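Enquirer: Construct the entire structure; sequences and hints are all you get.
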Amino acid sequence: MSFWEYANPKKFIATTTPILPWAFGIAAACLIVGLVWGFFFTPDDIRQGSTVKIIYLHVPAAMMAINVWGMMLVTSLIWLIRRHHVSALAARAAAPIGIVMTLIALVTGAIWGQPMWGTWWAWDPRLTSFLILFLFYLGYMALWEAIDDPDTAADLTSILCIVGSVFAFLSRFAVQFWNQGLHQAESVSLWEWTFNVIARFFAFVWNSIFGAEQVIEVAVREENVSNVFFVPLLICMIGFVVLFVALVFQRTTTEIRVRRIRALESRARRG
Amino acid sequence: MIALLARDLRLAVRAGGGFGLGLAFFLIVIVLIPFGVGPEASVLTRIAPGVLWVAALLAALLSLDRIFALDHEDGSLPLLATSPLPLEGVALTKGVAHWLTTGLPLTLAAPALGFLLNLAPAAYPYLLASLALGTPALSMIGTFGAALTVGIRRGGLLLSLLVLPLYVPTLIFGAEAVRLGSDGLSATVPLAMLSGITLFSYALLPFATAAALRINLR
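Each protein sequence line maps, in turn, to chains D and R. Heads up: take any position in the first sequence, counting from 1, add 15, and you land on this note's numbering. Heads up: take any position in the second sequence, counting from 1, add 698, and you land on this note's numbering.
Honestly, the hints are just simulated from the structure, not real lab data. All figures in this text were calculated on a predicted structure; none of them were measured in a lab. Ideal Cβ positions, reconstructed from N, Cα and C, are used throughout, including at glycine. Among the clues, some could well be false.
[Stated by the list, open to error] Stretch-level coverage of chain D by chain R, calculated; a stretch enters the list once three of its residues show a Cβ under 8 Å from a Cβ in chain R:
1. 152 to 158
2. 163 to 176
3. 185 to 192
Expert: Structural data, given as structure tokens:
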């Protein structure tokens, strides 16, 4: 029983099909609970009023926009090294989702920025980095579409993904150098985040079991997002991740079937 | 390698257009800018560093699809691939040849065009230095993009879509160096970053370029 068994398209479809309804269900449940909780049952922020609630869309989408690219990088490497077709197709399937996530992050950011910063758009490092990421996604998808032969397309897009990752990383630092920004520091930075999620989860469970007398204060180094907002945000993040997984499974399965139909057609033509 | 370089240079100079075209394009863009933003000297001085860099970048982009397309059409690309020279070496040579035929002339012409945009006097050395350090990176990144799109008919537009995001860091540091120079500040950091990007591109991108070429020649 090895992980690579799932590189067999048949096995992949057989495994993911039963998971799919569950994944979509969990994603829907998480998103409904998280968004409704976030939008209607959290207090307004003192300084930012109700506009702060857009973070329930903005932060998970921004997180996914970057992580989807990371996932494409990993699948591209797997394709180049081990030549598993499912891997290449998964990268192809993930790209449109990633670009939509980037767009959601940019648009919700603009909607939030208008009342807060008084402008829809500013050439702030973080905003600019996301715009550049958007361009990278565009180029990646355009290259997939432009090449007819699927294996050549998979190879070339994988190389583009790897080189693009390096340059996207470089752009991020270049952009930071170029313009010190308007955007607040990450409210949920990756390093703190992992630590915080675990700590807060335990604190939350603990508090809800033992009630108010024994509230433990989590030793969080920087309290950027208070617990009231954090729990629904966490649920939204989980919702986005599961939704992404479900969509990638769905789209990869579709890609595999498209490929199979094409193979059958060409076999039929040859007679 | 030297023979290939000489061949590419000869082809660029003698076989119609490619060589002067980039320069002419550079000139025209620079001439168009004052028509667009108005002739006020102070405004031009302020935007000159960025405009010069963007125009140079676009001029370099213009001739990218010729790097491999002509060789691909007349069949000399497979010959190059089967020659004793490793394909990585071919890629590197192509990048250098492209720089010698576009980047170098652009660098040398840029100060003259700086006069047209009323560039601050203090910025000229920085303009020369940043273009000399930065345009080689543009050529090498472009060679990589050209290798990706060599098999695609009418790949020119796609090529620019792929290559332009990769140009972002080079452009930022290049224009920043000139801007700092024109304000009379020290531009060591962007210039160092610029040469870092160039060295890094020439060290690693030939491998990616060669890999893309091999896939396209399969």
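Enquirer: Each of the hints needs a verdict: does it hold here or not?
Expert: For each hint, the structure was consulted:
1. Only residues whose C-beta sits within less than 8 Å of a C-beta in chain R count toward coverage, and the stretch 152 to 158 of chain D has 4 of them, enough to reach three; the restraint holds.
2. Three residues within the 8 Å Cβ limit are the bar, and the stretch 163 to 176 of chain D against chain R gives 5, so the coverage statement holds.
3. Given a C-beta distance limit of less than 8 Å, the hint that chain R covers the stretch 185 to 192 of chain D holds, as 6 residues qualify and 3 suffice.
Taken one by one, the earlier hints all hold for this structure without exception.
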